[in-house]
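Using the sequences and the hints given, assemble the complete structure.
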Amino acid sequence: MEIVRTFELPNTKLLAVKYEGYEFDALEILQGQWGSTEFLREFFTKYKKDHYAKYGSSKLNNLVQQAKELADDFFELLLELAEDVESSALVDFFKPLDNRELQSETYDLQKLKGREEERKSYLRIYAIRYKEKIIVTGGAIKLTDKMEDRPHTNDELKKLELVKSFLDTNDLDVTFSYIDVK
Amino acid sequence: MSGLNQKIEEIVAKSPRSSWKEKVEWRKTHKDWLRKSSDIAFRILDALDELGWNKAKLAAEMGVSPQQVSKYVKGEENFKLETLNKLEKVLGIELITVLHSDQEVKQKNTLEYREHEVRVVQLKPKSFSQYVIEPRNSNKQYYSTA
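Quick note, the sequences are listed as chains A and B, same order.
Quick note, in the working numbering, the first sequence goes up one by one and the last residue is 182.
Quick note, in the working numbering, the second sequence goes up one by one and the last residue is 328.
Rather than coming from a laboratory, the hints here were simulated on the basis of the structure.
These numbers come from a predicted model, not from an experiment.
Don't take every hint at face value.
[Claimed, not checked] Calculated pairs, SDA-like style, for lysine to any residue (alpha carbon to alpha carbon, straight line, at most 25 Å): (1) B:K196 <-> A:Y19; (2) B:K213 <-> A:D84; (3) B:K196 <-> A:P10; (4) B:K253 <-> B:E270; (5) A:K164 <-> B:S201; (6) B:K205 <-> A:E42; (7) A:K46 <-> B:A238; (8) B:K205 <-> A:N11; (9) B:K196 <-> A:E2; (10) B:K205 <-> A:Y19; (11) B:K237 <-> A:Y47; (12) B:K256 <-> A:D84; (13) B:K253 <-> A:E23; (14) B:K210 <-> A:A89; (15) B:K256 <-> A:D50; (16) A:K164 <-> B:K237; (17) B:K189 <-> A:Y130; (18) A:K159 <-> B:S197; (19) B:K205 <-> A:D73; (20) B:K253 <-> A:E42.
Following this line, the structure appears as structure tokens:
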């Protein structure tokens, strides 16, 4: 497993995990998927009932275009936040994964989710925060309430665990806050 | 600097930088035509489903590599007119239409229309022969004249 930076040094605020055997890091993979008409068309065809249950009726072509636009906006915002070395806006943007947690509370190595709030986006970027660093582990189109409800979101939980374990083993003195997802 | 923080910094320093940032900037710069490319990709995928073809079959029919077809359906291809023309012929669909000043596009949500189907209608036709695009079926009730 590697952890790659998204900006030139010394900016290491926004990092991404590159898993063993993968050509691309987690952010590049998300960018590839959410920018792909083929991927999104297949995804929304497979999960159209989930989308309908949460958001109502929508045409497939519109869903694909909407998801692409949301993803572009999401990534542009993330880029803007990460570019600002001085501000804590990037860290503030990520919220605790467990909704029961108060959003003002933060913990080192907390499992976090980034969410484009304004349009109630179903896009999620999952990350682990360590002090002022955000380490992106993956992301998903989340159409159900619980991450465990669907294999693709459940996989994201596993990735968070995996990366957390990877980081744990490197510093036993760090105290973690481990949060369940309900 | 804590042990873990230092460890992360060391791992990061050794790893190559992600190309994600450049890709975000590239999509932002080309946003306008990327939307059109995505629409074309969607229509190609629809046509493949209708024909029961896979991407390899389309690649063979087009005389291009499967990788090239994958680019077409990703929605990030800056298509040449020549390529679009060939895709139209191979798939038997209309992908690009140039509207003249006296034409407009209308969309109707009826059973006779496929989802998202649009048809080009003549605003003030002098004769039937002036219609540029024929409907998919023989039902002409959807022609609209101003």
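Review point. Are K256 (chain B) and D50 (chain A) close enough, with their CA atoms no more than 25 Å apart?
Key: Status holds; Cα separation ~23 Å.
**Study point:** Given pair status - D84 (chain A), K256 (chain B), alpha carbons within 25 Å
**Key:** Cα-Cα ~31 Å, so violated.
Review point. Taken at face value, is the distance from the CA of Y19 (chain A) to the CA of K196 (chain B) at most 25 Å?
Key: 15 Å, holds
Point to revise | 25 Å Cα cutoff - pair K205 (chain B), N11 (chain A) | key: This hinted pair holds, its Cα atoms lying about 18 Å apart.
Check your understanding: Going straight from one Cα to the other, do K253 (chain B) and E42 (chain A) come out at no more than 25 Å?
Key -> 16 Å, holds
Review point. Regarding the pair K46 (chain A) and A238 (chain B), is the alpha-carbon distance no greater than 25 Å?
Key: 22 Å, holds
Check your understanding: Taking only the CA atoms, is the gap from K237 (chain B) to Y47 (chain A) under or equal to 25 Å?
Key -> Answer holds: K237 (chain B) to Y47 (chain A) is near 22 Å, not above 25 Å.
Exercise for review: Compare the distance between the alpha carbons of K189 (chain B) and Y130 (chain A) with 25 Å, and conclude whether the hinted pair is satisfied.
Suggested key: 12 Å, holds
Check your understanding: Keeping to a limit of 25 Å between CA atoms, is the pair of K210 (chain B) and A89 (chain A) held or broken?
Key -> 21 Å, holds
Check your understanding: Taking only the CA atoms, is the gap from K164 (chain A) to K237 (chain B) under or equal to 25 Å?
Key -> 39 Å, violated
Check your understanding: Taking only the CA atoms, is the gap from K164 (chain A) to S201 (chain B) under or equal to 25 Å?
Key -> 24 Å, holds
Check your understanding: Taken at face value, is the distance from the CA of D84 (chain A) to the CA of K213 (chain B) at most 25 Å?
Key -> Distance ~24 Å between K213 (chain B) and D84 (chain A) Cα, so the pair holds.
The structure does not agree with the numbered hints 12 and 16 stated previously, though it agrees with the rest.
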